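2 protein chains.
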Amino acid sequence: MSEDSGSLPSKNNFSEWYNEILWRAEIMDVRYPVKGLYVWFPHGFAIRKATYGILRELLDRDHEETLFPLLIPEYEFMKEAEHIKGFEEEVYWVTNGGLSKLDVPLALRPTSETAIYPMYALWVRSHADLPIKLYQIVNTFRYETKHTRPLIRLREITSFKEAHTVHATWEEAKEQVEDAIALYKEFYERLCVPVIMSKRPDWDKFPGADYTIAADAVMPDGRTLQVGTAHHLGDNFAKTFEICYEDENGEQQYAFQTCYGISERCIAALISIHGDDKGLVLPPEIAPVQVVIVPIIMKKMAEEVTQAAKDIEAEMKAAGLRVKIDDRPLRPGAKYYHWEMRGTPLRLEIGPRDLENGVVMAADRFGEKTSIPRENLKEGVRAFMDQFKEQLKSRAVERIRSQIKIVEEPDEIKEAVESGIAIVQWCGCEECAKEIEKRYDVSVLGDEIRSEFIRKSEGKCIICGKPSKQAVVGRSY
Amino acid sequence: MSEDSGSLPSKNNFSEWYNEILWRAEIMDVRYPVKGLYVWFPHGFAIRKATYGILRELLDRDHEETLFPLLIPEYEFMKEAEHIKGFEEEVYWVTNGGLSKLDVPLALRPTSETAIYPMYALWVRSHADLPIKLYQIVNTFRYETKHTRPLIRLREITSFKEAHTVHATWEEAKEQVEDAIALYKEFYERLCVPVIMSKRPDWDKFPGADYTIAADAVMPDGRTLQVGTAHHLGDNFAKTFEICYEDENGEQQYAFQTCYGISERCIAALISIHGDDKGLVLPPEIAPVQVVIVPIIMKKMAEEVTQAAKDIEAEMKAAGLRVKIDDRPLRPGAKYYHWEMRGTPLRLEIGPRDLENGVVMAADRFGEKTSIPRENLKEGVRAFMDQFKEQLKSRAVERIRSQIKIVEEPDEIKEAVESGIAIVQWCGCEECAKEIEKRYDVSVLGDEIRSEFIRKSEGKCIICGKPSKQAVVGRSY
Chain L
1 MSEDSGSLPS
11 KNNFSEWYNE
21 ILWRAEIMDV
31 RYPVKGLYVW
41 FPHGFAIRKA
51 TYGILRELLD
61 RDHEETLFPL
71 LIPEYEFMKE
81 AEHIKGFEEE
91 VYWVTNGGLS
101 KLDVPLALRP
111 TSETAIYPMY
121 ALWVRSHADL
131 PIKLYQIVNT
141 FRYETKHTRP
151 LIRLREITSF
161 KEAHTVHATW
171 EEAKEQVEDA
181 IALYKEFYER
191 LCVPVIMSKR
201 PDWDKFPGAD
211 YTIAADAVMP
221 DGRTLQVGTA
231 HHLGDNFAKT
241 FEICYEDENG
251 EQQYAFQTCY
261 GISERCIAAL
271 ISIHGDDKGL
281 VLPPEIAPVQ
291 VVIVPIIMKK
301 MAEEVTQAAK
311 DIEAEMKAAG
321 LRVKIDDRPL
331 RPGAKYYHWE
341 MRGTPLRLEI
351 GPRDLENGVV
361 MAADRFGEKT
371 SIPRENLKEG
381 VRAFMDQFKE
391 QLKSRAVERI
401 RSQIKIVEEP
411 DEIKEAVESG
421 IAIVQWCGCE
431 ECAKEIEKRY
441 DVSVLGDEIR
451 SEFIRKSEGK
461 CIICGKPSKQ
471 AVVGRSY
Chain F
1 MSEDSGSLPS
11 KNNFSEWYNE
21 ILWRAEIMDV
31 RYPVKGLYVW
41 FPHGFAIRKA
51 TYGILRELLD
61 RDHEETLFPL
71 LIPEYEFMKE
81 AEHIKGFEEE
91 VYWVTNGGLS
101 KLDVPLALRP
111 TSETAIYPMY
121 ALWVRSHADL
131 PIKLYQIVNT
141 FRYETKHTRP
151 LIRLREITSF
161 KEAHTVHATW
171 EEAKEQVEDA
181 IALYKEFYER
191 LCVPVIMSKR
201 PDWDKFPGAD
211 YTIAADAVMP
221 DGRTLQVGTA
231 HHLGDNFAKT
241 FEICYEDENG
251 EQQYAFQTCY
261 GISERCIAAL
271 ISIHGDDKGL
281 VLPPEIAPVQ
291 VVIVPIIMKK
301 MAEEVTQAAK
311 DIEAEMKAAG
321 LRVKIDDRPL
331 RPGAKYYHWE
341 MRGTPLRLEI
351 GPRDLENGVV
361 MAADRFGEKT
371 SIPRENLKEG
381 VRAFMDQFKE
391 QLKSRAVERI
401 RSQIKIVEEP
411 DEIKEAVESG
421 IAIVQWCGCE
431 ECAKEIEKRY
441 DVSVLGDEIR
451 SEFIRKSEGK
461 CIICGKPSKQ
471 AVVGRSY
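Chains L and F supply the protein sequences, listed in that same order. Each residue of the first sequence is one higher than the one before, counting from 1 in the working numbering. Each residue of the second sequence is one higher than the one before, counting from 1 in the working numbering.
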């Protein structure tokens, strides 16, 4: 649906590159006539499907999938004061049905606490009903007044995975938050996307939560992208929605809850971190086409080459690979361009000479070529996929390491956030954070950092000199 | 989440049975605080997932999956006059974002023509772009003023599969409608749900279509349920939305379109047609648990029995079956009740005596018991699943055959529609149809019937005596 011509802007101009690759690699069409709403092209949708397939696989180990309504009656939405405050400026309201006005306005869920918890109040009766661990993958809505951006800042978040759990104690809910973080770590490892987890400052936590742990990716322009959050809700919502259970002594207790979400921002990170000036680069597990076969048809042995391509296709399919023959009447260069743009990990070329020599030419997404003996092809391709994934992972890790700077003086923050994030010593108080934020036009993203990329360091708060912990400072999307 | 006690109302009281089974088999919770919106329980969601998995598999052969926004600006929605007329009384409108009024009200899609076709107008340029065959599975909304009913008449249709195709000619679009009908036939065969296809009368076609073919299931109470529709849109929407292509002579032509949809009514039919007084009966392909293993633990050989159950579980899993051991501390009868209610096709019981005899007791969902030699278990279970599916299919076909009556006199309609549908001779004119409808409180569902269950018959219109065709008459949901 897009045209195979012209070249991509350099990834050094990240914002331009990002907008252009969405179109050229057929991820999304941004021309839908409402601000902040976009259309998934089939290729983008296939990437989404593979990505959320991984997320489902991980969650299905010990969660169950479910589905709650989109529309939330105003009186339910308005119950939890902190929660309302957090969302009142960005909720869409349905006020009319057909030609008449509704008795009760209905909110389009910006997130589903207030849709799910009235039901949890009905479902939870006894300690034996706990824990409950459900999730759903749904569209949610935010009336964004800021600049919108496909996959990143949306008015319809088309692919919000939200999990909601209920537990008997605060400690069990805390453990669940840890489980959620471990799950997100595993998820982003599967995407070869390194993330940094930290505890959000109190003023930046989820409205109604006790605390929030977030995962941030670092984008090519150095800005951070929040790509996952896990919230300990304490018994705040339980008290509002009357979610109580009878404990083993027959006493009524309020339940404790968590919720944790990932949106299509995971795909924004995936695209941005791996892509290059030639287009998408996709981990094999995500690539809609993992292997493209380009038969090099000459006058000589045309039939044999066509047949060889079909045989290879059948062999790859039998090995469980997503494979496609590109036999369009185009010159090979145009085909290479097409599949490189779309992030296909491996291209196999087969021509008359290869046939004679009993080999297949293999070119990876970065242009590295090797010749694989025909009889070892299946094993060769399998091994390639594993290596390619490792290669993406180490590229991305190397990159994020270069984007992290441990700074000792406040003024070093300025340079650090130009290409990534600064790790600073911070005492934890709001005043010092606001001072950092104001002085360098940045955000204090969080402390209690969990990251294998960040060396532990000690010191005193760079503003007030009091005892301190490491904190992540950056410019965020 | 529901309780394992009490018995289901008899299926002869279909309406009561239907409401009760949704709860007891953990399909949906109807207590969500907005009329016409319901919550999918995990078990119901697993059924939905398997069902739509089949639909995806069939569509993915030659369609691509995609995703368009939910919100449609009023000016796009209001473009096609027939279409507006068909939907204006049942569209939900979003009028407010945050604390302010929107400049342009946004409709919640009741169906996506007016969201998709402005994009098609951008995508279609030349005859080489055609055909386009896309689908999406989304939530859609209708402000129903009639009595709502879970899975059948909803305000949020949570699972609407809609396909939208574009073609160069009217004939190609007609062929696509035929392909859609063939696909739906295959889909319902996989669900073991017999359906009758017919062409809807002109006044009952999709708003904006040239014609509509619909699939109807016949429910246990004899009422028909429309479970799929395919529409030939002609170039009506193409003219409204300016979907044009350049033909091979360089001339601009309007494109021709089709669309076809299936909602979660497919699951309503599945549940209702196969279920019985003990609960759900599910085709193996749909059942979230296909085999439940109940170890009969006595003092004697308790450890060996537990181990044998685990071995069987591993063997079934390796054979690709969805299997579960029920080792809850309940009496066997309670377990049988539990799994029968949820529609599990096969129960395997293993106790000390079976172990000694080298057999496993197998009980199908209808209570038929056989003993299978342990060493043939895998083959035995595989063969069972195939037979069970055939059994469901033939039960359902036998049932629908008994629900169809070819009537020759108008007054025979009355009796026929008490338990099913009447096949009548009808000239095709609106006047005669309205006369039939008024006289017997029925609907003329359509003519040009496609059904292997209905014997061809000839005659004259039962009202006016003019030349006629067979038509389906029934009371519809």
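I should point out that these hints are in silico values taken from the structure, not numbers from a laboratory. Treat each hint with caution, since some may be false.
Identical copies look the same in the list; a pair holds intra-copy or inter-copy alike.
The list that follows gives simulated cross-link-like pairs (lysine-lysine, DSSO-like), each with its CA atoms no further than 30 angstroms apart [what the hints assert, rightly or not]:
#1 K49 to K101
#2 K369 to K434
#3 K434 to K101
#4 K393 to K79
#5 K335 to K133
#6 K335 to K49
#7 K460 to K199
#8 K79 to K299
#9 K239 to K460
#10 K438 to K299
#11 K85 to K11
#12 K239 to K466
#13 K133 to K369
#14 K133 to K310
#15 K369 to K389
#16 K146 to K324
#17 K466 to K310
#18 K300 to K35
#19 K133 to K324
#20 K11 to K460
#21 K389 to K434
Here the structure is a predicted model, which means the values were calculated and not measured.
TODO: Enumerate the violated hints, using their earlier numbering and listing them in ascending order.
DONE: Checked against the structure, the hints that fail are numbers 1, 2, 3, 4, 8, 9, 10, 11, 12, 13, 16, 17, 18, 20, 21, while the rest are satisfied.
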